[in-house]
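S.K.: Letter by letter, the chains look like this.
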Amino acid sequence: MRRLVWLSVVAAIAIAYPLLLSSPFQQRLGALVLLYAIAASAWNIVGGYAGQVSVGHVVFFGCGAYAAMGSYAKFGLSPLFGIPGGIVLAVALAAIIGVPTLRLSGHYFSMATIAVAETMRLIVTNTEWLGAAVGLSGPTVPRNVFDLSFLSSLPYYYLFLAVLAITLLVTWWMTNSRMGFYLRAIKDSERAARSLGAPASRTKLYAYMLSAALTSVAGALYAMMFGFVDPESGLGILISVKILIMAALGGAGLLFGPLVGAAILVPLEEISNSWLGGKGAGLTFVVYGAIIVVIARFQPGGLLSLFTGRRKPGADKGAGHAP
Amino acid sequence: MLLEARGITKAFGSFKAVDDASVTLERGDILGLIGPNGAGKSTFFNCLTGDLKTTSGRVLFEGGNITDFAPEQRAGLGLARTFQVPQTFEGMTVLENVMIGAFLRTAHRKEAETRARAVLERVGMTRLADAPARSLGTPGRKRLEIARALATEPKVLLLDEAMAGLNANEVKLAIDLVRDIHRSGITLVIVEHIMEVIMSLASRVMVFHQGKEIARGSPREVTSNPAVIEAYLGKRAAKAAAGHTPVELMGGPDL
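Going down the list, the protein sequences come from chains A and B. For the record, in the first sequence the residue sitting at position 35 is 34 according to numbering that gives the first Met the number 0, with numbers rising by one throughout. For the record, in the second sequence the residue sitting at position 154 is 153 according to numbering that gives the first Met the number 0, with numbers rising by one throughout.
These are computed hints drawn from the structure, not numbers from a lab. Don't be surprised by glycine CBs; every beta carbon is placed ideally from N, CA and C. Among the hints, a few may not be true.
[Unchecked claim] Reference listing, derived: stretches of chain B covered by chain A, where coverage requires no fewer than 3 residues with Cβ under 8 Å from a Cβ of chain A: (1) 72-79; (2) 89-95; (3) 204-218.
[Stated by the list, open to error] Just some of the chain A residues that point at chain B, by a computed CB distance under 8 Å: (4) A15; (5) R120; (6) F180; (7) Y181; (8) S188; (9) R193; (10) L195.
[What the hints assert, rightly or not] Partner residues are not named here, just some residues of chain B that face chain A (Cβ under 7 Å, in silico): (11) F68; (12) V84; (13) Q86; (14) G100; (15) L103; (16) A106.
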C-alpha cells in the first residue's frame, strides 16, 4: 500500500516535470534522464538481478541506434521501423554472445563483453555501408510525425516516459515470475540453484536476451532524439560504463535503482558539461570513477538500498565490485 | 532399482579420488556413505548428483542412464541434494529459498509459495518464513537446505553431512527430521562423519578408503570390520583397540 502511494507520487512528478520546469534545457535534461533510466533498467535485468555484470551492453544499444537510423538512411523508412529490427538484431546477437560468455564467471564475463563491444565498434567504424566513422543520420527535416524528429524535447520526454514505464513493468513482472526468482538464486549460488532444478544457463541467457532487447530500444530512441548515430555515440564503451554506474549507484537489482541513478548522474554530467564546456567532458568521468570507488566501499547495494533496508549481499559478485 | 552407480571412477589428473565404486539403492533404503576425511565419499556423492562429471562408469536412475545429465535435469527426475557447507540464497527470505525448490514443480508464484509454506510447516520453520535467510545460524541453514530439497518433491534425497556443525541436541532433532522424511517415502543417501547418525539411521552402509570401497553391509557389520577400523585408526591403533567395540572408538553413541 505504501509502495503504491510512493509509486503514484513518483509518477505524478515524472508527468508534471516538463510542464513545471519548462525551459528547453530542463526538458532536454528530463528526457535524457529517462532515456538513460531505460538503458540502465534494461541493464539491471542481467547486471542487477542476474548478477552478470555486462560492460558491453552498448553493443545492443548500438543495434537499436543503427537499426533506427539505418531504416531511414538506407530504406527511407521512418526510424520507428528500425525498432523491431534493432530488437531482433540485439536478441540474436545476445544469443550468440551469451551462449559462450555466460558460462564465464564474474570478472571474466565482464571482460568478454568489453571485448565484444570494442570489436563491434571497430568493425562498424570500418564498414562503409554503415557510414564508417561518420555514422548514419536520420531525417533532417521531418516528413511527418512518424519520423519522430522534433525540435522540442517535450515529445521525446513523454515517449521515453512511456517506454520507461513499459521497461519497469516488464522488469517487475519478471522479478515476480519463476525466472526472476531463479535469477536471484543463481546470483547467490549457481550450484545450489541448479541442484534445485533451476536451468542456470538457460535462465541467464533469457535474461540477457530480454535485457538486450530493451537496451536496443533505448539505443533507437537515443538515435531518434539526436538524429544521428556514429561509432562513438552508438557503440562507445563509455556508454556501457555510464549505464552500469547509474544502475549501481541507484541500486542494482532493485526495480527503481537505475532510475534513481540516472536522475543523479545525468544532471551531474549535463551541468558539469555546460559549466565547463568541452573541458568538462573529461571531468565527468573523473567523477564517475570516484563514484564507483565510493559505491564499492560504502554502499555496494546502491543508494536505494539505504531506504529498502535490503543490504545487497550479492554485492561482492555484482556491480559494486567493478574496479 | 531406484538409483544405481556402476564402476564410477573420478580422477583429478592422475589421482583417482574415486576408484571403481558401485552402489545400488532400492526404494526405501537409507544408504550411509562413510569413510575418513579424503576417502572419496563426497566425490562419489557429487558424481551421483551430477555436480562432478565421472571419468568412467555409469549412473542409472529408475533404469535410465543419467550419467551425462546436468544437476538440474537430475533434480527434475527426482534427485535432490543438500550441501555440506550450506549454500543459502542470502539475498532471500527463508520462504523464498524454499520457493526456489518448489518452482521445479510449478511455474506459478502463488502455488510455489503455498507448497513452500507446507514444507516449512513440515520441517518446523513456519515461524521463520519471512526472516531473511542470512539471519539463520548453522542449524537453521542446515534445516533450510533440507527444506529446499524437499520442496522439489524428490524420490531420492542425498544429504551431505547434514549434521556437521550441530550440537548433540540439534543432531537429535535433525535425526528425527530425517526419520520423518524417510517415513514419507523418500529414499535417502547420507554422507556422514558422526557415527551415531549412521548407526541410528542407515539401513546399509558403504565405507570408503582412499577412493575405494572397503566394506559394505549393515552398520553393525561394517563397524566391526577390521579393515574399517584400520582405515579410521591406523594399523597399530586397530590392534590396540581389539577389545573395544568399534562404535565407541569412532566417536560412539555417547555423543
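S.K.: Does each hint fit the structure? Answer for all of them.
M.R.: A quick look at each hint next to the structure:
1. 72-79: Since three or more residues must qualify, the claim that chain A covers the segment 72-79 of chain B holds, with 3 doing so at under 8 Å.
2. 89-95: holds (count 4)
3. 204-218: violated (count 0)
4. A15: This hint is violated: A:A15 lies away from chain B, its Cβ roughly 34 Å from the closest one there, beyond 8 Å.
5. R120: violated, 35 Å
6. F180: holds, 6 Å
7. Y181: holds, 7 Å
8. S188: holds, 4 Å
9. R193: holds, 4 Å
10. L195: Holds. Min distance 5 Å.
11. F68: Hint violated; B:F68 Cβ to chain A Cβ min 11 Å, cut 7 Å.
12. V84: violated, 10 Å
13. Q86: Since chain A brings a Cβ to about 3 Å from B:Q86, closer than 7 Å, the hint holds.
14. G100: holds, 5 Å
15. L103: It holds, given that the least Cβ distance between B:L103 and chain A is near 4 Å, below 7 Å.
16. A106: holds, 5 Å
When the structure is compared with the earlier hints, violations turn up for hints 3, 4, 5, 11 and 12 and for no others.
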